[in-house]
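2 protein chains.
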Amino acid sequence: MTADELFQKILDKQSFLCIGLDPDLSKFPEKVLETDDPVYEFNKKIVDSTHEFAVAYKPNIAFYESLGSAGWWSLEKTVEYIRKRHPEIFLIADAKRGDIGNTSKRYARAWFDNFGFDAVTVAPYMGEDSVRPFLDYAGKWTIVLAVTSNDGASDFQFMKDAESDMYFFEKVIEKAASWGKRDNLMFVAGATQPEMLKRIRKLVPDHFLLVPGVGVQGGSLAAVADNGLNGACGLLVNSSRAIIHADESNEFELAARLKASVIKNEMAAALKKHGLTGRRA
Amino acid sequence: MTADELFQKILDKQSFLCIGLDPDLSKFPEKVLETDDPVYEFNKKIVDSTHEFAVAYKPNIAFYESLGSAGWWSLEKTVEYIRKRHPEIFLIADAKRGDIGNTSKRYARAWFDNFGFDAVTVAPYMGEDSVRPFLDYAGKWTIVLAVTSNDGASDFQFMKDAESDMYFFEKVIEKAASWGKRDNLMFVAGATQPEMLKRIRKLVPDHFLLVPGVGVQGGSLAAVADNGLNGACGLLVNSSRAIIHADESNEFELAARLKASVIKNEMAAALKKHGLTGRRA
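Residue numbers (numbering that gives the first Met the number 0), protein chains in the order written: chain A, 0 to 280; chain B, 0 to 280.
Think of the hints as simulated: they come from the structure by calculation, not from any bench. Do not take every clue at face value.
You can't tell identical chains apart in this list, so a pair holds if it fits in one copy or across any two.
Restricting the straight-line Cα-Cα distance to at most 25 Å, the calculated cross-link-like pairs of lysine-lysine (BS3-like) are [to be verified]:
hint, residue 1, residue 2
1, 8, 272
2, 76, 139
3, 159, 174
4, 159, 201
5, 104, 26
6, 197, 263
7, 271, 12
Remember, it's a predicted structure, so these values are computed and weren't measured experimentally.
Sequences are here, hints too, so could you generate the full structure?
Here is the structure:
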């Protein structure tokens, strides 16, 4: 999928919402826990009730990995289900992988070939050869961590590089942007740091940014849109817990739908404000 | 396991060798490929033929993850086998995980609780709350990436921090050392950068270092030992391909054994040179 194709999907739905499929079993209602594969059943219900408001889904792999091989299986079935029922969806594996080149190749194979995700999040610490094997997949996307949404972001990402006086995360963006292009590379830019989006837009005005941290983590959608939108949207804003665990009763999927529709409406308003409506010329 | 207990194991075997269980199916002999679970069969043979020369084994998770749920299953069986047959072994999951605190907790659970590893490698980019959930496991070890052995290490790890004039990897070590202690925290320090070991030893004279990159990647064991050994050894030196794929014939395990024993002898000599022989006082 190209960046323009992704933009078209955003225009079609008037939404740049990505929903994080990070299922927390302790918040599952009884009727889901009683099924053979609660995680899969939960995901199906969430996806079926929210897909019209979302352009992307993003399972965070930790939530599946922590369940052992059963979790792996739930994830495989979830991806297959979304591909079959909602083929327009952009699917992101939030895996934050990264290793020496020879090894990163295997991670890329796992997430692109085996699972068939459109995109994978990648940690930049190990540099170019750890990221390159992901970028080398035709038609797939690599999403490099730049500014994350957690408290720990301030530990290293905001160190100043002595040579350039740039923040460390800016060096990550500058270098990674030279490895990939607008059609295969995005950056993670936490919603909890909206003022940083302006700095990021100076470095990569045209790239898509994946923005986590709206919702439970406290980021503001309006601030993100004002600082991050570009002429082809250029944003995927993620919300996980605030949508999928909005309610813990047997009617959880209705609460999720309501929450997703509210966010989608805010997004449609932001797109309108920036003149990004209807079909592209 | 405490650092002193690990040191005792090293003295007992006169070896600080960690063997990377990174099985490459394209290098498996026929007799292994014909079994029901080739990865498990291969690992068993490698472990049985090399365990007397090694204190630790380190499966790199990418090699299993890329095989889907079958790979997961091979890994579970491998860990169980080592625990049962060779209970003295220190087991490292080379996973290079790291996410926001809430999510890192799940990764820690996956590798410590579910699989029962003694240690997990963790990427530092997301800062304290991404590392903390691993450190919080009593009796377990967190191994934070500092200097890696790949070419890409030079992209970010050697940036200079404007405020302190320290390398970025040194800031990682300095900060992480304040989060953990000698008994639950190690650092990855690539053998391809032996001169950096001296700098690292100034920051963390007492911590264990996990040193990859000896063997195929070109690092020198002698240089690593001279620059990195401390009074309680303080090193685990890893070799993967050079041992496990030393030979691709049906007698691969003998070649692996021979290779491991040669490295072990070099290590015993280095320990002797540094007065680290016999039982501790």
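Here is how each hint holds up against the structure:
no. : hint      : result
1   : 8 x 272   : within (18 Å within a copy, 66 Å between copies)
2   : 76 x 139  : within (20 Å within a copy, 33 Å between copies)
3   : 159 x 174 : both (15 Å within a copy, 16 Å between copies)
4   : 159 x 201 : both (17 Å within a copy, 23 Å between copies)
5   : 104 x 26  : between (36 Å within a copy, 17 Å between copies)
6   : 197 x 263 : within (23 Å within a copy, 54 Å between copies)
7   : 271 x 12  : within (12 Å within a copy, 69 Å between copies)
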